[in-house]
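Asks: Listed here are the chains, written in short residue letters.
There are 2 protein chains.
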Amino acid sequence: MPTLYHAPLDPHSRFIRLAMAELSMECDLVEERVAERRREFLMLNPAGTIPVLVELDGQVVPGAGVIAEYLDETRGLVLGERRLLPEPPSQRVEVRRLVNWFHQKFWAEVAEPLLHEKLYKLSLSPAEGGGAPNPAALKAARANLRYHLAYVGHLVARRNWLAGDHLTYADLAAAAHLSAIDYMGDVPWSEQNAAKEWYARIKSRPGFRSLLADRIRGMPPAAHYTDLDF
Amino acid sequence: MPTLYHAPLDPHSRFIRLAMAELSMECDLVEERVAERRREFLMLNPAGTIPVLVELDGQVVPGAGVIAEYLDETRGLVLGERRLLPEPPSQRVEVRRLVNWFHQKFWAEVAEPLLHEKLYKLSLSPAEGGGAPNPAALKAARANLRYHLAYVGHLVARRNWLAGDHLTYADLAAAAHLSAIDYMGDVPWSEQNAAKEWYARIKSRPGFRSLLADRIRGMPPAAHYTDLDF
Numbered sequence: 003m004p005t006l007y008h009a010p011l012d013p014h015s016r017f018i019r020l021a022m023a024e025l026s027m028e029c030d031l032v033e034e035r036v037a038e039r040r041r042e043f044l045m046l047n048p049a050g051t052i053p054v055l056v057e058l059d060g061q062v063v064p065g066a067g068v069i070a071e072y073l074d075e076t077r078g079l080v081l082g083e084r085r086l087l088p089e090p091p092s093q094r095v096e097v098r099r100l101v102n103w104f105h106q107k108f109w110a111e112v113a114e115p116l117l118h119e120k121l122y123k124l125s126l127s128p129a130e131g132g133g134a135p136n137p138a139a140l141k142a143a144r145a146n147l148r149y150h151l152a153y154v155g156h157l158v159a160r161r162n163w164l165a166g167d168h169l170t171y172a173d174l175a176a177a178a179h180l181s182a183i184d185y186m187g188d189v190p191w192s193e194q195n196a197a198k199e200w201y202a203r204i205k206s207r208p209g210f211r212s213l214l215a216d217r218i219r220g221m222p223p224a225a226h227y228t229d230l231d232f
Numbered sequence: 003m004p005t006l007y008h009a010p011l012d013p014h015s016r017f018i019r020l021a022m023a024e025l026s027m028e029c030d031l032v033e034e035r036v037a038e039r040r041r042e043f044l045m046l047n048p049a050g051t052i053p054v055l056v057e058l059d060g061q062v063v064p065g066a067g068v069i070a071e072y073l074d075e076t077r078g079l080v081l082g083e084r085r086l087l088p089e090p091p092s093q094r095v096e097v098r099r100l101v102n103w104f105h106q107k108f109w110a111e112v113a114e115p116l117l118h119e120k121l122y123k124l125s126l127s128p129a130e131g132g133g134a135p136n137p138a139a140l141k142a143a144r145a146n147l148r149y150h151l152a153y154v155g156h157l158v159a160r161r162n163w164l165a166g167d168h169l170t171y172a173d174l175a176a177a178a179h180l181s182a183i184d185y186m187g188d189v190p191w192s193e194q195n196a197a198k199e200w201y202a203r204i205k206s207r208p209g210f211r212s213l214l215a216d217r218i219r220g221m222p223p224a225a226h227y228t229d230l231d232f
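Taken in sequence, the protein lines are chains A and B. Using the working numbering, the letters of the first sequence map in sequence onto residues 3 to 232. Using the working numbering, the letters of the second sequence map in sequence onto residues 3 to 232.
Note that these hints are calculated values from the structure, not bench results. For every residue, glycine included, the Cβ atom is placed at its ideal position computed from N, Cα and C. Just so you know, nobody snuck in bad clues.
From the structure, some residues in chain A lie toward chain B, with a derived Cβ separation under 7 Å: (1) A49; (2) Q61; (3) V63; (4) P64; (5) G65; (6) V68; (7) Y72; (8) T76; (9) P91; (10) V95; (11) R98; (12) R99; (13) N102; (14) K107.
No more than 25 Å apart at the CA atoms, straight line, and that leaves these computed lysine-lysine pairs for DSS-like: (15) K123/A / K107/B; (16) K198/A / K141/A; (17) K107/A / K141/A; (18) K123/A / K141/A; (19) K107/A / K107/B; (20) K123/B / K141/B; (21) K198/B / K107/B; (22) K107/B / K141/B; (23) K107/A / K123/B.
Construct all of the structure, not just a fragment, from the sequences and the given hints.
Replies: Quick look at the structure:
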């Protein structure tokens, strides 16, 4: 079975877990603490980032964006009309644009600061920058989140799924990032009904079960995290 | 003719200019000052980033990564054996891994801080964060640059080009980022002969001429910038 090096609340890893589930692809999940800069892991991916996929034949595929393209090219055609990166060039542009939106923009403006302040700082000493969350950073990230959630609502009010008529990588990227924030209870779902309805649809897909089963030691999920009718 | 919204020293824009030249693709270059957040430009790319390609039929393709995939899919096959994103899955993984290395890691650790400190701060008022370069930021970016240049040297000492036997998007991404830094005279070429030899080869390609002709008002290029035998 292939191996995926990941971390439970890492949105980029969650994106690949969702993609593999849509492709009915099984793999061994191995948690990697990238901050430890483990030598064997850096041999797999010199950039030191997760996720990293390792195939049975030894092929190493590092990074969420690279893995998504690789999975589409090596396994994506079996989905036919439900391909996660659809065939027409204009649709591929829109799917990739939105994937990058979440992996880069949402990550930098919302997910990374919230995860850093609320989760990663817990495992750092004061000398390493650990400690209590910075209220100004939390406030800024939550303000950015409202803007991103409104953008999701804007898109799904006009389309069935984020990038068009079908579920694509765009939905999986958005849901992966939002799900990590939702674990910590930070998503104001009641403010955006269209976005909430879209998230309820994607949350009920079989591939989401593994994400909803994740638990972080010392930090239980928000009460509604596993609720499909939240 | 298609239009490319770009900025002269922006490495992500330079990457696409080099790719289009390898594809013998002509386009109108339009300089976009993203800091101005021009409304018409945000309609093209809500993320507000460059480069953005606009085709004659109106198709908008935003972002260096998305444009590169799009160009490969719509025009790349004409290059045959010289395709910039080669056919075999393992080579595609390696090319994309290295493209992301430069667009994300090199950008964050070297190119963005050097461009910000030495160029972009010139156009900002003190209240906006403008002013003289921060020596500590310059020192850190230059230390990171040595490490990246050694990585380029390590790769090209074992391969003909960065990702293997042929010129690919990986070389164009690396050269695009290094060329922007080289304009400012910050690349210690004499420390890495293999990397220097590789850069001399790519610098002499016809597609590089347009980059070597760029001039920033008030900031002439380093003396060796246009020299093919530097």
